[in-house]
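Participant: So the chains spell out like this:
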Amino acid sequence: MKTVGFAAGVAATFTLLSSTSAFAVTEISWWHAMTGANNEVVEQLSKEFNESQSEYKVVPVFKGTYPETLNAGIAAFRAKQPPAIMQVFDAGTGTMMAAEGAIKPVAEILSMGGQAFDKSQYLPGIVAYYSKPDGTMLSFPYNSSSPILYYNKDIFQKAGLDADNPPKTWSEVWDAAKKIKSSGAAPCGFTSTWLTWIHTENFAAWNNYQWGTEENGIAGPNVELKINAEPFVKHFQALADLAKDGTFKYGGRTSEAKQIFLAGECGIFTESSGGLGDVVKSGMNYGTGMLPYDSEPQNTIPGGASLWVFAGKSDEEYKGVAAFFNFLSQTDIQARLHQVSGYLPVTLAAYEKTKADGFYDKNPAREIPIKQMLGKAPTENSKGVRLPNLPQVRDIMNEEYEKMLAGQQTAQQALDNAVERGNKAIQDALDN
Amino acid sequence: MSPRVVFPNKILPYLLLAPQLAITLVFFYWPASQALYQSMLREDPFGLSSKFVWFANFRKVLSDPNYLNSVHVTIVFSVATAAVAMSVALLLAVMADKVVRSRGLYRTLMIWPYAVAPAIAGMLWLFLFNPSIGSLAYGLRWLGISWDPLLNGSQAMVLVVAAASWKQISYNFLFFVAGLQAIPKTLIEAAAIDGAGEHKRFWTIVFPLLAPTTFFLLVVNTVYAFFDTFGIIHAVTGGGPGKATETLVYKVYNDGFVNLILGDSAAQSVILMAIVIALTAIQFRYVERKVHYG
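So the sequences go chain by chain: A and B.
For the first sequence, counting from 1, position 13 maps to 13 in my numbering; every step adds exactly one.
For the second sequence, counting from 1, position 72 maps to 72 in my numbering; every step adds exactly one.
If you're looking for bench data, these hints aren't it; they were derived computationally from the structure.
Being a predicted model, the structure only gives us computed values, none of them experimental.
None of the hints are false.
Below, a list of computed lysine-lysine pairs in the DSSO-like style, where the Cα atoms sit at most 27 angstroms apart: (1) A/153 x A/371; (2) B/51 x A/80; (3) B/51 x A/424; (4) A/424 x B/60; (5) A/353 x A/376; (6) A/403 x B/60.
With the rest of the complex left out, here is chain A (with noise of 0.2 angstroms):
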């Protein structure tokens, strides 16, 4: 009797162990916007990580655009079933912030997984952009970049400017512009994609200039903006006058410039880091700089997205996405996600590693990011911008924007407009 009870008791926990190890998997869901290329990568990494281990199963799902994902994730939270991990692109960074009982500090979640969490290995840059005032790391950095200026070497020479010095001022931008319109060799001189990206924030930040109070909104959300001041109503007032004859060309508030750009339409060109990949893939013989100044190169800020974990998980469910996070912060993928994908590193180890591999020597163009946001120790005017409504004040900017390059407005009409106008949405937003 004593040994079948035994024996029953036996085949019991081992039915027992056997269906608990079936089921002790824990999912983590993750929810991107990546496609193409970078959808690959996150399968890729996915699948790696899942066959490293077998306690944990990351499990991604493309949710759309990136305010798609946002939406849906904040769609999902609200009807309680929101996934484990989220990307959220850099304008949504200050929404996430500002929801305070919905998220879980990315800082906090990895030194559950029992590993310390040891800020300084990470890009300082790109660490300060997605951290609280009081420097706790809130979200994962996944994919970020930088903008950079590109140009047609072909339509250089055409124009008779020296192809292997790209111009470094925006005065000299728009008088190499000028000069390529001026001699035919390309119907355009200048275009760039994100007005509001490049040509505001990393503008701001990469002079020095302030952007708006409160450190641009790192330090608090009560946000004064400032861009009607002197030096940014020069620089669009410039961009304004090019555009009257066509030597600066407009494409579309976000990336839609890069189409005229690979057509060959125009001669110089400013974009994100990230844009790399296409302008390769199209076969000009291009060339790359750092982005361009007024007089003094700060740091640039970055651009690209984050990964936030939603509150409310179980610790089995957070002790998988720090081990996850664990896995991507390891040098060799980080190195490899650098050098396949063009995000930049998140740590500096995959920097030094792919510095000391030698492919800076053969990609200059993949360090230029770096270098710009790594040159010098941020400033209170260039660690970032963050709102709680960024998309929303970014659209407002690019409506008056649009209205000034089309000629209603001079340049100081649009960045007044445009201050009242995003200083009114930010206080609605913060009264919400």
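Following the hints, complete the assembly by docking chain B onto the known chain A.
Facilitator: Same frame as chain A, but now just chain B:
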């Protein structure tokens, strides 16, 4: 007045209606009441804090110059779309009515664009008129027109109106063809014998007799321009440049899903709901009375 139908069974009619009623309750009344409730709330995107503000959102929306701009844009867009879609469709219907050979083929071809999804139709026109790569934009530039809908608000409006009406022409065509067929040939022949020319026959006989169809289509086209053109605007202009093509529906989306101001967005959709109820009421009151079936 239609004759009164009497059902001997007391429960059966309700049972037969039940599925439809359930669908209406779940998919219309429930979300509509949610929108109504949300339009009186002010809350953060995540719903972590919310406060009940009665009609403050409506006051805010109606005093917002951007909303009034959007009303203006919607009126211009709807009138233009309805006018273009209906006049072109009428012209084509009259032409197709005259064709003797392969009439069926022409009609089928005319109905084709209606099957194209709004977003696809938008992309199609966007590519054709893209200032850099569009083939038709190239033609416009060759004609000496500086075509740049990315910055020129009026050109952007022309583009979305063209795309939206192109899609609606098929629908209108179908109704006009049916309307034309319903006009007794004897009337037209009698007028011809009396010496009325083609032009005169159209304006004095055909057009007035088409009036019920025209009025019906006017309401349908207005509703279409108001509510069903989101996909086209989203694909072609995204409401820009400036706010030149931001219609009321697009603003609901933009404020709610891009700017995450849910209270304002809900208030706007409640206003839109009132507009569509009014339009439907007009249609039932006037159109149903004038259309004679058979």
